[in-house]
Structures are given as C-alpha cells and as structure tokens.
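Peer 1: These are the residues of each chain, in order.
Number of protein chains: 6
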Amino acid sequence: DFLNALQEIVPAFGASTDDLERCRLNGMVDCGQRHKHIYQRAMLLVEQVKVSKGSPLVTCLLEGPSGSGKSAMAATIGIDSDFAYVKIISAETMIGLSESSKCARIVKVFEDAYRSQLSIIVLDDIERLLEYVPIGPRFSNLISQTLLVLLKRLPPKGKNLLVIGTTSEVGFLESLGICDAFSVTYHVPTLKKEDAKKVLEGLNVFADNDIDSASEALDNMPIKKVYMLVEMAAQGATGGSSEAIYSGREKININHFYDILGDIVSFRG
Amino acid sequence: DFLNALQEIVPAFGASTDDLERCRLNGMVDCGQRHKHIYQRAMLLVEQVKVSKGSPLVTCLLEGPSGSGKSAMAATIGIDSDFAYVKIISAETMIGLSESSKCARIVKVFEDAYRSQLSIIVLDDIERLLEYVPIGPRFSNLISQTLLVLLKRLPPKGKNLLVIGTTSEVGFLESLGICDAFSVTYHVPTLKKEDAKKVLEGLNVFADNDIDSASEALDNMPIKKVYMLVEMAAQGATGGSSEAIYSGREKININHFYDILGDIVSFRG
Amino acid sequence: DFLNALQEIVPAFGASTDDLERCRLNGMVDCGQRHKHIYQRAMLLVEQVKVSKGSPLVTCLLEGPSGSGKSAMAATIGIDSDFAYVKIISAETMIGLSESSKCARIVKVFEDAYRSQLSIIVLDDIERLLEYVPIGPRFSNLISQTLLVLLKRLPPKGKNLLVIGTTSEVGFLESLGICDAFSVTYHVPTLKKEDAKKVLEGLNVFADNDIDSASEALDNMPIKKVYMLVEMAAQGATGGSSEAIYSGREKININHFYDILGDIVSFRG
Amino acid sequence: DFLNALQEIVPAFGASTDDLERCRLNGMVDCGQRHKHIYQRAMLLVEQVKVSKGSPLVTCLLEGPSGSGKSAMAATIGIDSDFAYVKIISAETMIGLSESSKCARIVKVFEDAYRSQLSIIVLDDIERLLEYVPIGPRFSNLISQTLLVLLKRLPPKGKNLLVIGTTSEVGFLESLGICDAFSVTYHVPTLKKEDAKKVLEGLNVFADNDIDSASEALDNMPIKKVYMLVEMAAQGATGGSSEAIYSGREKININHFYDILGDIVSFRG
Amino acid sequence: DFLNALQEIVPAFGASTDDLERCRLNGMVDCGQRHKHIYQRAMLLVEQVKVSKGSPLVTCLLEGPSGSGKSAMAATIGIDSDFAYVKIISAETMIGLSESSKCARIVKVFEDAYRSQLSIIVLDDIERLLEYVPIGPRFSNLISQTLLVLLKRLPPKGKNLLVIGTTSEVGFLESLGICDAFSVTYHVPTLKKEDAKKVLEGLNVFADNDIDSASEALDNMPIKKVYMLVEMAAQGATGGSSEAIYSGREKININHFYDILGDIVSFRG
Amino acid sequence: DFLNALQEIVPAFGASTDDLERCRLNGMVDCGQRHKHIYQRAMLLVEQVKVSKGSPLVTCLLEGPSGSGKSAMAATIGIDSDFAYVKIISAETMIGLSESSKCARIVKVFEDAYRSQLSIIVLDDIERLLEYVPIGPRFSNLISQTLLVLLKRLPPKGKNLLVIGTTSEVGFLESLGICDAFSVTYHVPTLKKEDAKKVLEGLNVFADNDIDSASEALDNMPIKKVYMLVEMAAQGATGGSSEAIYSGREKININHFYDILGDIVSFRG
Ligand SMILES: Nc1ncnc2c1ncn2[C@@H]1O[C@H](COP(=O)(O)OP(=O)(O)OP(=O)(O)O)[C@@H](O)[C@H]1O
Ligand SMILES: Nc1ncnc2c1ncn2[C@@H]1O[C@H](COP(=O)(O)OP(=O)(O)OP(=O)(O)O)[C@@H](O)[C@H]1O
Ligand SMILES: Nc1ncnc2c1ncn2[C@@H]1O[C@H](COP(=O)(O)OP(=O)(O)OP(=O)(O)O)[C@@H](O)[C@H]1O
Ligand SMILES: Nc1ncnc2c1ncn2[C@@H]1O[C@H](COP(=O)(O)OP(=O)(O)OP(=O)(O)O)[C@@H](O)[C@H]1O
Ligand SMILES: Nc1ncnc2c1ncn2[C@@H]1O[C@H](COP(=O)(O)OP(=O)(O)OP(=O)(O)O)[C@@H](O)[C@H]1O
Ligand SMILES: Nc1ncnc2c1ncn2[C@@H]1O[C@H](COP(=O)(O)OP(=O)(O)OP(=O)(O)O)[C@@H](O)[C@H]1O
Ligand SMILES: [Mg+2]
Ligand SMILES: [Mg+2]
Ligand SMILES: [Mg+2]
Ligand SMILES: [Mg+2]
Ligand SMILES: [Mg+2]
Ligand SMILES: [Mg+2]
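Here the protein sequences come in this chain order: A, B, C, D, E and F. Here the first sequence is numbered in the working numbering, starting from 322 and rising by one per residue. Here the second sequence is numbered in the working numbering, starting from 322 and rising by one per residue. Here the third sequence is numbered in the working numbering, starting from 322 and rising by one per residue. Here the fourth sequence is numbered in the working numbering, starting from 322 and rising by one per residue. Here the fifth sequence is numbered in the working numbering, starting from 322 and rising by one per residue. Here the sixth sequence is numbered in the working numbering, starting from 322 and rising by one per residue.
Certain hints may be false.
Just so you know, same-sequence chains aren't split out, so a pair can sit in one copy or run between any two.
Stated by the list, open to error - Below, computed lysine to any residue pairings styled on SDA-like, alpha-carbon distance capped at 20 angstroms:
(1) 429 to 418
(2) 513 to 530
(3) 513 to 541
(4) 546 to 503
(5) 572 to 533
Hint data in this document are derived by calculation from the structure and do not stem from the laboratory.
Between the sequences and the hints, there should be enough to build the whole structure, so can you do that?
Peer 2: Structure representation (structure tokens):
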C-alpha cells in the first residue's frame, strides 16, 4: 500500500545521495567553458521535465573519454535538481550478479522512480552495465534490450522522469542503437591547456613560472589523469616530499613531473 | 467453458484500450498526405477482414524510421476498427522475461483472438519483440519462428484476424523472411517541411514570420523529434519561458531554436 | 497391446483429414500444365509404394516459392491416395515446443506410420520444422539429424511409406544434404499469365476486356498472392464494393487493381 | 560376473544379425571388379585379426558416394567373418538421444566386444553418428573425441577387434583427423556402365536392344539410385504396368525411363 | 593422515606400471640415432630433478607425427627413472567424462605426485586430453587453463616433479601457449630408410635381397605404420601365409608388399 | 562485528606472506638497472597510497615476457611495503573453479582489503585469471567485467589500496580495456647480456674465461630461462657432474652449454 511504497522510496533516496556524492569526492572545480555549457543545457532539461506537459520522459547521454568527468557531472545535476527521487545505477554495486539479477535491479529503480512525480535516474557507465568488452564484441543482450525498452517506455500519467546516461564507449552504444534512444547527447571533453591551467592554479603545487609549461604538458588530458599525475609527482623523485608540497612549503620539481609523465606516455606511445 | 473464456477476453480487451490510447498520448494531428493514404489503405484491410470469405487472415506491416508515428497509427486503426478484440503486443510489458515466456504470451494473445469473430493484433516494434541488436546480429530465434508460423496460420473457421506489425528495422525483418510473411507493407515516413509546417501551426509557438524557416529546419524529421525539439526550445536559453510560450504570451526565440537543433545535429553530423 | 495401438492410430488419422483439408480451404482450381504434371508423377509414386516389392520407402520433395501451392498439393495427394495412414507434420501445431519435443513428435508420427501397411507422411514447410532463419544461418541440428535418419530408415518388413516434403528454401535444404536424402524433387512454380488467366476466369470478378491485362499483371505470381490481390482490389478504392463484386453485380475497377498491385510491388522494387 | 556378462553378449549378437541383414535387404548382386577387390582386401584384414600376434586392433574405413553400397558391404564382411561378436553401430537406433547417451552406447558396444576373442564393429555412417551438417560445420565433438580414442585404444590382452567404418563425407572425416585414425581406407565407387549392365541383366526388365542404352544412361550412378530409377520406370507413364514388368510379361518403355531420369537429373543440373 | 596417503599412492603406482607397459606392448627396438638422443637427454632431466636444488619442477614435451613412438618413449623414461611415483594421464581412461571430471582427475594426479619426493607424470596425447578438433578449432578451455597452471605451479618444498607431455599437434599447442609452458621440447621423428632397415632386419620377414627396397619404400614412415604394413603384407595376397612367414619358413612377397603399400598411399596421394 | 572481521583478516594475511615468498623461492639477485628503476617507482606508489588524501586507489600494471620476474617483483613490493594487508590473487589456488567462484574469491579479497587502512592486492598473471587462450580468443567475461569495476571502484572513506597487476599478454589486456584501467604500466624486460653476466657471476658455475661468451649467448633471455639453462647444463653431457659444479669443484663445459642452448633454440627457430 501507499505507506509501504513511501517507506521504500525514502531509504532508496537516502542511500542514493551518498552514492551521488561519492562520484565527486574532491568537490567540483571549474573545468572550463565546455563543461559549463553541458551543465547548463542539462539543467534546462531538468526544468523541462518539471514543467512539461507533453514530454513525461526526457533522456540525455553524456559521452566522452574515460575520466573526463561524466559521472561527476551527472551526479551534480542529480543533486542540483532537488527532485524527490534521484538514483544512480552503477555496475559497482552489482559485481558478479547474473544478467537477469542486474536486469531486475535496473527495472526496480525505474519502477521506484515511476512513483515519484519528479525523478532522475543516472545510468552510469552504460558499457559496464552491459558487460561490454570490445573483443567479440561481447555484451549482455538481456540488459541492452531492457535499456532500449526503458528508454522509450513512458512513465504513468502525472509522473515525469529524466534519465541521464554516461559512457566512454559511444561508438559501441551507437552500434547497438542505444544512442538513438536518447533525446540528446552531449560530449564531455578532456581538458585543454587553459582548462588544465585553471585546475593547477587552484591546486597551488607548481611554482609560478612552471605552471604554464606544466599546463601545456597536460593539454588534452582528462581531469582524472591530471589529478593522478600531480599526486604522483608530489611524492618527489625519492619520496617524502608530498606533505611539504600540499602544505605549500615546497613546489613540485618540474623535471620530476616530466619524468612521471614520460613513464606513462612512453608506454602508450 | 464459454463463460470463463468470455471473462478472459473482456479484461484483456479493457486493458488493451488503455494500451492503445497510450500510444497516442497527445492525440493525432494531421501529418500530411502520405500518413493519410496509409491510414485509408489500412482501414480497407479492416473492412476486407470484416466482409471476407476467402481471407480469414490479413497481415500488414508498417515500417519507417524511429518516431515516425507507426505505433500511433497502428493504435488508431485498432481503435477505429470497432472490432471486438483489439490487442497490442509490446516489449514494454515483457521486460526481463525469458524468450519462452515472451513466446507463450504472444501465442496466448493469438489464441484469445481466435475466439472472437473479428480481431486485430498489433505486433508493436517487432525488432524489440525479437530482442534484436545489430551487433552479431543477435535476436531470439524462438520468437522469430513463432511469428513466422503465427503470421501464416489460419484462424479457426468463422474467425477473422488482422495483424498489424510495426518496425523501424525493416532490413532486418527482410533478412529474416518476416517481411515476406506479411500480405502488405507500408512505409511510414518522416515529415516533409510542409507537413512540419502544419504541425507547427497547430502548436502556435513560433512567430508568424519564423514559422517557415523553422519548418524548413525540421524538414525530414520524424514527428517525435519535432515535438521534443519544440519543447526543448520552449524552455528558453536560460529557462523559465515555457509557460509563457505555451500560453501564447511569448514565442520561441528562433535563434535559440537553431542552437538546440545544432546541439543535436552536430553530434550526429 | 494391439487394441491400444489401434486406438492411437484412429484418432491420429481422424485429426489428420481435417489438417489436410485445411491446407486447401478454398478447394483446388486448375493451375496449369506444370502443376498437373507434378500431381500425376506424385500419384505414380503413390502407386509404386502400393505395389512395391523392393522399395518400401519412397521420398519426394516439393519445392518452390512461398505460396505456390506446395502444401495444398501435398495434402491433395495424401487425400487422393486412399492410404490407411496419412498425416501432416507441421510447425503450426508445435509452436514454442523445445527442439527435443518437436523431434519426439516427428519420430512418433513415423513410428505410427510403421504400423500401417500403406502410409503417407507430409513434412510440411521443412525449413520451419528446422527453425531455420537465414541469419547465421540458424536451425535445429537435432531436427535436421532426425530427418536425415528418418528419410533413410526402412520401415519394418511388409510396411510401405511415402514421405512428401515441402519447402520454399530449397537452397538451404540442399546445403544440409536433405535434398539428396529425397528420392525425387519436383519444382512447384508460380503462375504464368495463361495460368493466372484461367484462375481469374473462374473467379469472374473482372470485366471481360480487363481480364487479359489483369492476367498479364499477375504473370509470375504465386497462387496465394493472386487470391490476396483480387480480394484486396475487390473492396474498391473507398471500400464497400466487395459484396457487389463477388455477387457478380459489379466488376473490379482495373485502375484500382493496378494501384493495389503498385502498393505491394513498389515497396519491394 | 561371467554368466551375466555372457547373457548380455548373446542377445546383443542375436539382435545384430538382423541388423546386418537389413543392410542388404535385396541380397547382394555382382557390382563389378572394384567392389569385389575391396571385399577381398577386407576379408584379408578379417584373417589378419584372427591370426594376429602384434595387431590386436585393425581398423578399416569404407568411403564413397551416398548409396554406393558401403553399408551393405560392411554388413556382408561382418556376416562372412564368422566372428563371435559382430555389431553394427548406427544412428538409426539412436534418434533423438543426447550426445552423451549416444556416446555411452558406442562405448558399451566396444566394451562388449572386448570380452570376445574375435569381434567386428561396424561404425555405420560415421558422419551421422557425429551429427554432422556441412553448415557451420556442426558436429558432436563429444562423439568425435570418443571415436578418436576408441580407434586407437588397444583391446585387453588376448582379444582382437576389427573396426569397419563407413562414410559418404570423407573430406569431413579427413579434416577431423578421423581418417588418419584408420589403418586403411577403401573407396567404394558408383557403378560404371558395364557394372550397371550386369545389374540390369539380372533384373530382366528391359528389352534386349534397350539394355545397352539404359546402362549407358546409368553410368556413374550409385547402386541405390539404379534400383530406385528402375522401379519408378516400371510403373509406366500412366501407372499399372509394374506387375506385368516384374513378372516378365512386359518390358520398361525406354522413353518413359528417360523421362523419369530427366525429372531427377534436370533438377540437379 | 600419512598412512592413508601412502595407501593411496601404492595402488596408484601399481596400476600405473601396467599402463606404462601397455604403451610399448611389443617391447622397444632400436629406432636409430635420433630416437636415442632424445632418450638420453630426457634421462638427464630425470637426473636433474633428482639432484636439483633450484628446479623442483622440470617439464619436457615430446612432439612428432602420429605413431612415431612418443608415448612408448615417455613410458620407457618413466619406467627407467625408478621414481617412486610414475603416472600416465591419458584420454583412454576418461572417455565420455565431462570436462570438469577430466580436470579433477588431472589435478588429482598432480596432488598425488606432490606427496612423493620424486615423481614423473606423463601427459599423453595432450591434444586428446584437450578434446581438440581442428575444425573450429574446438577444445576444452577448462582443461587447457588447468594444464597452463599445473605446468607452472611449483610442488611443495622438498618435492620434485618431472612432467613429460606428448603430442602430434604441436602447432595447436604452440598457438595455445602450452609449448612455451614446457622447459624443453624434443621432436620425435618418423623413421629414415636406414632406421626402417634395422627394424625389418630384426623382424626377419623379408628375403635378403628384398630388404633394401622394402626399407626404401618405408622411408619416412612412423614406426607404427611400419609394423602395420608388415603384418598386412604377411597375410599374403590370398591369405593364409602369415604363420609360415612369422615362423620363418616363407618370406613376404615383395610385390604383394608394394600392392598393400599402394592401397594406402594411393588413397592419400 | 569488528572482532570477527579482525580474525578474518589475520589468517588471510598470514597465509599470504607464504604465498608472496613462494614467488621468489631463490631470493632476489640484482637483475640490472631497468628492474631496479621499476622497483623504485613502484615503492613511490606505495608511499603515495600511504600519505594520500585525494587518491585512495592507485593501480599499477607490470607487463613483460614470460619469466622476466614480474611476479617476484610484485611480491617483493608487497613484502617491502609493510602494509597491514597484502594478498596475492593467483590462478594457482583456483584451478578448476567455475568462473563465478573465481569471481567471488576475487571480490572477497577486495572486500577484505577495504577493511584495512593500507592494503596491497597483487593480481598475478591476469590473463590466467581471465582464463585466456589466444585461439578464439576465449576468456571469462564475468571475470574481466569484475576486474574492470574493481580497478575503478573507490575503497570506503579512510581506506587506501594499491593494486599491482602482472601479465605477459599485455596486448590482450590492452584490447579488453584493462590496461587503460590501470593508473600506470611498467615493462619488466628480459636480461641484457650485461645483466646476465652479473647473474652468472653470482652463481659461479662457469670458468672465468667462459663467462663472457656464456652471457653473450644468454642475451635477451628472461631470468627464469637463464636459471633453467644453467641447471640443465650443470648435469653434464653424461650426467652426474651437477654436485661437483655447484660445490665449485668443477665448471660447466661451455660446449655442452651451447648444445643444451641449441636444443631449445633450434626447435623454436
Ligand atoms: N569538475 C570537477 N572538479 C573536480 N574533480 C572532478 C571534476 N570532474 C571530475 N572530477 C574528478 O575526476 C575524476 C574522474 O571523474 P569522473 O569519474 O566523473 O569521470 P568519468 O568521465 O565518469 O570517467 P569514466 O569514463 O572512467 O567513468 C573523479 O575523481 C572526479 O571526482
Ligand atoms: N499524427 C500524430 N499526431 C500527434 N502526435 C503523433 C502523431 N503520430 C505520432 N505522434 C506522437 O509522436 C510520437 C512518436 O510516435 P510513435 O511512437 O507512434 O512512433 P513510432 O514510429 O512508433 O516510433 P518507434 O519506431 O520509436 O516505435 C509519440 O509520442 C506519438 O504520440
Ligand atoms: N490449386 C489450387 N487451387 C486453389 N487454391 C489453391 C491451389 N493451390 C493452392 N491454393 C491456395 O493458395 C494458398 C497457398 O497455397 P499453399 O499454402 O499450398 O502454398 P505453399 O507453396 O505451401 O506456400 P508456403 O511456401 O508459404 O508454405 C492457399 O490458401 C491454398 O489454399
Ligand atoms: N552388391 C549389392 N547387391 C544388391 N544390392 C545392393 C548391393 N550393394 C548395395 N545394395 C543395395 O543398395 C542400397 C544402397 O546400399 P548401401 O545402403 O549399402 O549404400 P551406402 O553406400 O551405405 O549408402 P549411404 O552412403 O547412403 O549410407 C541398399 O538398398 C542395398 O541393399
Ligand atoms: N622403439 C620401439 N620399438 C618397438 N616398438 C615401438 C617403438 N616405439 C614405438 N613402438 C610401437 O609403435 C607404436 C606407436 O608408438 P606410440 O604409440 O608410442 O606412438 P605415438 O608417437 O605415441 O603415436 P600417437 O601420436 O598416435 O600417440 C606402438 O605400438 C608402440 O608399441
Ligand atoms: N631478481 C631475481 N632474482 C632471483 N630470481 C629471480 C628474480 N626475479 C625472478 N626470479 C626467479 O625467476 C623465475 C621467474 O620469475 P617470475 O615468476 O617472477 O617471472 P614472471 O615474469 O612472473 O613470469 P610469468 O610471466 O611466467 O608469470 C622465478 O623462479 C623467480 O624466483
Ligand atoms: Mg564514470
Ligand atoms: Mg513504435
Ligand atoms: Mg506450405
Ligand atoms: Mg550406408
Ligand atoms: Mg601416443
Ligand atoms: Mg608471474
């Protein structure tokens, strides 16, 4: 009955806020104009769902390279929406489950959402939900069929739902027809050197006259890799310098920084 | 016995009307000559089934791009037929079911239909019923065999059945031999600019001198995308303008409309 | 014991006559010389089985395009044979069964036949019994192995069996080696215009001076499509004329007939 | 214990003689020099197994086109060997069994054979035992592994075994490595016209001056097809002449014989 | 406990000696210098395992054409090693078992071996253990993973193990990475004519002036085929001469010998 | 509760130390500059995890040819880290387990690690954990999905984890997207001749004037093969010399050493 239904939603929502916050553990810094534009457009969709008469279901896909900040952005939109039901569906909580159990959980979240007037569901890392590997390729058709139907199925009368998907395998989703099932798709990019510079200035770990060349070296990196590289470099060539650097007493040695960058790049290159 | 059988059919039918109406939530507007022609031909098939002596089973496939209005048209034909049994078979109500359960449900609907003198069955989104993905390709052979047999099996003496299928993957159905199993196939097209213009005039959200260029921009879009784009644009560049626009106090800014269109097209392009 | 065995055969046979008649619901009209020749040759095989000493098992495959009249002819041969056991094996009565259940049913029919002195088994639509789809291709190897063995296995001493297969996928059966397992194969063709003309004359729905051009337009159509097209055209462009036409008061408008034909052909073309 | 074991073998053998005789229902006629040579060589292998010290296991494969007389020859060798245990393993008695049941039955026959001092096992139609179809290709690897091991495994001390395989898919067996597992392979051919002539003379159904041209027409046919064609032709063009022909009162009309031949050949051609 | 463990090993070993002897039923004759060299090198590995400090696990693969004497050599090494635990793992004793049962048995043998200070395990016919067929190709990945791990896993402290593998499909093992998992690989060859001559001289079944040409004809044959051909030829063209020949009263007719050879070669050729 | 959790971790850790030590049974010798550099960088990552604020999860892949010392290095890092929880996940302890059992065990180790403040998990031989074979290729997608998620999932607040993977199939991991899931990748190389020389000098089994040419011959070998070759050569050409050599009384005969090397190389070559 209604009371039970309500009870069910409340903890679901409670748990979810934590999940959303975990997607942006270190807070959100300014990643440049292009990230901002996507955020604003997505917030317009949030509003559209709120005031909509004709479109009870709006769906939006965030795609871009690994670590570019898609999940963090989706979580932020969910948090900023103030909707009653906001839930993230992620492979992290479904490790080792069978295809059909995963499927059931996904459906359950949608049915929970259908009970709230305004809901957001984040389908995080869709290729992982689909158990995708490029070799074969292999993936769960059960889950892909489920998503294809759920992305088209209208909520009950009077209920409105925004679905935000994220993926770093847009070509794969394209070939499944899942991209076309979304109303809009936005590309979340890597950082340009001017974006990287802003981030580094915020961190304050480089000497002033190193910051331009460091940013240059980070051109076209995803935000995640930028953070990892800075932290690796902050240990220093022989270790032990990290505390001094983060407390501001020392700066990262730019040559050591290049070395670290070289370790990573040379392998790929 | 007979009473039980009747009882079974009644709720099935009741439920179904709702299902049919949900396929055309916003009513039906005039989508131009080509949509109309298909509707008329399909209604001739309805009549043929009614008066037929030699063809107790007539089958008709509506194919066309995603969102072009196939399901809405099939539902409308079903509603306008006034047949005793009209039922839509859709993947939406069978998410996560096994192939064989889906198969059993499909067969059940046909056997229910065989008990009415005049019936219509809508096989909606056949590629979804078949769990089709283009990669592989994969699909349920159990269900495709079932459809191939059901599309050929004659109803019992004195019972007449019209089957309407819809699909946006006609090439796939062709390659399975399912297209050939239908008596006729009609192509439900996207809107031409003159069709789009009529729809926009009905909505009354553009300034009079913008309506031609807006229609031009929407040339070759499916009706579904037209509605979505208009609604997105109606929020305005900074949000909040939707109510004013739908109440007629304001018009959609044509440049913002182009921006929204650009977001969507640039990605695909 | 014997009585039980007999009981089993009797209803099997009873049911079967119905099944055979359903394959030619509208009776059999003259489809031209080529259909006739096949019928006669097949009736010689019936006689061979009856008088044979050295060939207790004769097998014959009817292949040809969909709707060309193969099942109707097989059923007619079975009815005209006057054999004690005549049975049609069709996918229509085995929808949704597992491969092994289908297999068991097929074997059962053969074992029933082995108990009669003279039997005919129709393997109708063999590609459907094999659950064939061209994509992959996929099919049931369990059933194909079963057929390959059954088409070669001799009935017990004193029992004689004629097996008639039908298929519209002769290339597929060829590649499985099933064609070679049949003693003879006959091609059941579409209608030539002179054949179509005879059929139309029998129906008496065209004006005398339209009948030649109508037949010309139907050149190379299977009999099934001819019937469907005539019935569609008989509704008239705006409906309601069917009764008048079949009662002979009116004739089919030849231009409307071309339109209907065009709807079907243009799509394929 | 020993008595039980003996009991088990006796009925197995009894059943088997019947099985062997069924492979040559119409007796054995002279099929020409090439068939004879193979028979003689195979009988040498029978002797080798009987007197052998160093080769307790001899294996021999008969391969050739479908209907060329391989199974009849293998059965004849088994019958003429006078060995205590002679058994034919055929797909005919294993229809619909699972791979592992078939496998168990095959192994059982070998283990039964290992208890007799002198045994022959006929692996009839190996491609059918392997559930082979050329599409894919598909086949049972469980059974192919079993055969590969059994064809190499030595019987217990003091027991001797001859295995005769037959196949019409020698290329397939070659590619599995099963051909190489046999000690020798013989090719059982179709009939040359002089072979066919001998067979026809024995049947005495052609007029003396037709017999040469009839043999010519049958050049390169397998013995099975020769019998089937003669019997079909013996019905006469309008039926009813079969009894007169087999009783010697009439002869087959050579032109009708050509017609029948044409029906079969034209289809393939 | 220890006593139980001991009990377990003793019968395992007892059974095994029989198994090893069965691999060389007719004893071992001198097959020439190349066979001898491999035997000596392998016996050095046996010693290495015995005195080793740093290499508790040594693995050696014998590869070569079918019938070249690999299993016989592996068995001989096992017998000559005088190790406490010598065991052959062969597909012959695992017919029809599931992949996982086979896997369990293989693991069991290794765990038994880990309890002896000095052990040899013969993995006989690895492609057969892996259920390999070239079509596909197909094989058991469960078993191949098991072998890949077992060939690398060190025995417990103080236990030493020599693993000898045999295969006639070295290319396949190479492609699985199983060859690289062995420390050394030796090629066991077919016989050269001088090797064959030695073998024939030992058998004493050819006339003195035939022996050179007979050896020439056997150049490049595996030892197994040499034995089979000699025994077939010893029956004589009309049978019955085998006893006289093996008792030395008669010699093999060299022309009959060529005929027999021709039967076998012509087919392959 | 907490006490139970603690108990669970303690034995897990105890067992693990043994496992780590078994990866470097013969201790660690100096393998040259390149091995050293990787060790130092990896120890910086250990420190980073210890002092980190922003990166609770650091992941590092060691890739290189089979036997190059990856597992030994990973174990050494684990031992030298002094972290409370260090665990190696290896296929050796999971032989024959089902995919899902393996998966469960892997997850269990991560969840155990999440309870310690500082943990290291070694994913040893990732291609073996994934049950990879190059033919197909085949591998466990269940396990690969599990790893892809675990390599990205953050530990709970306040817990820090370093994951070290090893593989000799880096191209395969690359194609699965598993390489990209690691923060850094280092290449563990084979030995150059100067590295090999140092190792040989340590072993003291070659005469002084042989050591240069021996090192030259070992150029580009993985450390594992170097040890195996030396031990094989130490047996001497006729056996028995190993004790004298390891006790220093004799030296390895350089020509015999070349012979042994030739046996191995010629086969591959
Ligand atoms: N605007 C931001 N400010 C600060 N940190 C950010 C921002 N965006 C992302 N991050 C951080 O960068 C890391 C990567 O971001 P996120 O996980 O959202 O990327 P992603 O595109 O979802 O990557 P993946 O494709 O691997 O899922 C996270 O640790 C996140 O907290
Ligand atoms: N004639 C019409 N007037 C008004 N709205 C329509 C009309 N036809 C379709 N629509 C609306 O357009 C949307 C798409 O229509 P519909 O679902 O029938 O398309 P479809 O071709 O079935 O698409 P899909 O291939 O995705 O199933 C629906 O919201 C429907 O209500
Ligand atoms: N000689 C005939 N006279 C009248 N009607 C016929 C004749 N032959 C066939 N028909 C009708 O034509 C239709 C198609 O015939 P039938 O089902 O035998 O074709 P088919 O070749 O078996 O087709 P499919 O390949 O689809 O199984 C049926 O409705 C049948 O009743
Ligand atoms: N020498 C013979 N004399 C008389 N009849 C024969 C002879 N050889 C074979 N036959 C008959 O010919 C038919 C085909 O022979 P058989 O079944 O042995 O052929 P096959 O090569 O085994 O064919 P398949 O490849 O289809 O198994 C059988 O009816 C058999 O009785
Ligand atoms: N040196 C030998 N002296 C005498 N007989 C031998 C010798 N080597 C092998 N044989 C015999 O030759 C036959 C084939 O040998 P074996 O089974 O060892 O070959 P193989 O290489 O293992 O063959 P496969 O690849 O088929 O397993 C056996 O009967 C064996 O007894
Ligand atoms: N630095 C070293 N000093 C001495 N022995 C070493 C050293 N590194 C590795 N070894 C030894 O060399 C052998 C191979 O090393 P290890 O198993 O670590 O290689 P690997 O790269 O993990 O190989 P694989 O790819 O086969 O797993 C082991 O026996 C190990 O003990
Ligand atoms: Mg993400
Ligand atoms: Mg639709
Ligand atoms: Mg039919
Ligand atoms: Mg046969
Ligand atoms: Mg062997
Ligand atoms: Mg390793």
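Peer 1: Under a CA distance limit of 20 angstroms, which applies to residue 546 and residue 503: within one copy, between copies, both, or neither?
Peer 2: between (29 angstroms within a copy, 11 angstroms between copies)
Peer 1: Under a CA distance limit of 20 angstroms, which applies to residue 429 and residue 418: within one copy, between copies, both, or neither?
Peer 2: both (15 angstroms within a copy, 14 angstroms between copies)
Peer 1: Evaluate residue 513 and residue 530 at a C-alpha cut-off of 20 angstroms and name the case that applies: within, between, both or neither.
Peer 2: Within. Shortest intra-copy distance 19 angstroms satisfies the 20 angstroms Cα cut-off; inter-copy 41 angstroms does not.
Peer 1: Between the shortest in-copy and the shortest cross-copy C-alpha distance, which are at most 20 angstroms for residue 513 and residue 541: within, between, both, or neither?
Peer 2: Cα proximity of residue 513 and residue 541: one copy only (5 angstroms, versus 36 angstroms across).
Peer 1: My question is about residue 572 and residue 533: at a cut-off of 20 angstroms on alpha-carbon distance, are they close within one copy, between copies, both, or neither?
Peer 2: within (14 angstroms within a copy, 47 angstroms between copies)
The structure shown violates none of the earlier numbered hints.
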